[in-house]
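Go by the hints and put chain B onto chain A.
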Amino acid sequence: MGSPQHVSHVRASSSASTDVDGGGLNGAQDNLLPIANVGRIMKDVLPPQAKISKHAKETIQECATEFVGFVTGEASERCRQERRKTINGDDICHAMRNLGLDHYADAMRGYLRRYRESEEVAAALNNNSGREIQIDVRDELSIFRSNEQRQGRN
Amino acid sequence: MRQARPYSGMFCGGVSARTGPHALPLARIKKIMKRSAGEAAAAGDGGARMISGEAPVVFSKACELFIAELTRRAWAATLEGKRRTVHREDVADAVRNTDLFDFLVDVVTTHNVDDGATD
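Line by line, the protein sequences give chains A and B.
Mapping to full-length UniProt numbering: the first sequence position 116 is 116, numbers consecutive.
Mapping to full-length UniProt numbering: the second sequence position 96 is 96, numbers consecutive.
Simulated from the structure, these hints should not be mistaken for laboratory data.
Careful: at least some of the hints might be erroneous.
As the list claims (entries may be wrong) - Pairs of lysine to aspartate or glutamate, EDC-like flavour, derived with a Cα cap of 16 Å:
(1) B:K61 / A:D90
(2) B:K61 / A:D44
(3) A:K54 / B:E89
(4) B:K31 / B:E54
(5) B:K34 / B:E54
To be verified - To be clear about the criterion: a stretch of chain B counts as covered by chain A if any three or more of its residues have a C-beta under 8 Å from a C-beta of chain A, and this derived list gives those stretches:
(6) 23-32
(7) 94-103
Unchecked claim - Looking from chain A toward chain B, a few residues come up when the C-beta cut is under 7 Å (computed):
(8) L33
(9) I35
(10) A36
(11) N37
(12) H55
(13) Y111
Note that CB positions come from ideal geometry on N, CA and C, so glycine has one too.
Chain A extracted, bound-state conformation:
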């Protein structure tokens, strides 16, 4: 599977800038995902009465950071083998699949597709070529959908 080298950078940087006793402070480190964002996401999925210890938050902060590194390492290796310089969204999805993270790969494939579609729209709207832009918004309109179901297609 993936090489173990990806693990080391998270721990090494944590210990490099924390006190010897490891008082649990990741500090304001820019090599980890920001703990405020991590904490917010955690809070959103937990019931209102739940509390989160600082250490737990930091641990998940490190885990999520490691997640990025782990998948990126695999994606980067794939690019190297195919002699490509740039890691794109497809590489990340493939890497997730290779690493056994199938449901993440599936979810991200759909997300990536929608993102690319929105990029095309944005680019077209920015484009001053004067060409007519065709945008089919019917999928987005629930009113249209429910009308169809009521009247039946003809």
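Quick look at chain B alone, frame taken from chain A:
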């Protein structure tokens, strides 16, 4: 005078994946990616990978899902212990109980003996 901006958000069903706001900052994600991409490239082709603009966007969402999953699993361990505060050990339990998270075993295994600290 206001400048017209592309209606990229309109067709995404809500918050634009393109311009955000994202759950996690793209610049930070890119920084973390560059470190790993550089390490993996190591010897041979002499280059850290370049990272396309869409890659941090994908990770911002993927990390959100990942944090959500890990948190929910940790919470299950918290409930089993009849507690309401998620501790580091709950996260460790979640990692150990999930095959998918084998790559995190080193991250949650700490040499610290005392983890009584809570805030």
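Outcome of the hint check:
no. : hint          : verdict
1   : B:K61 / A:D90 : 14 Å, holds
2   : B:K61 / A:D44 : 14 Å, holds
3   : A:K54 / B:E89 : 12 Å, holds
4   : B:K31 / B:E54 : 14 Å, holds
5   : B:K34 / B:E54 : 14 Å, holds
6   : 23-32         : holds (count 7)
7   : 94-103        : holds (count 5)
8   : L33           : 6 Å, holds
9   : I35           : 11 Å, violated
10  : A36           : 10 Å, violated
11  : N37           : 5 Å, holds
12  : H55           : 4 Å, holds
13  : Y111          : 5 Å, holds
The structure does not agree with the numbered hints 9 and 10 stated previously, though it agrees with the rest.
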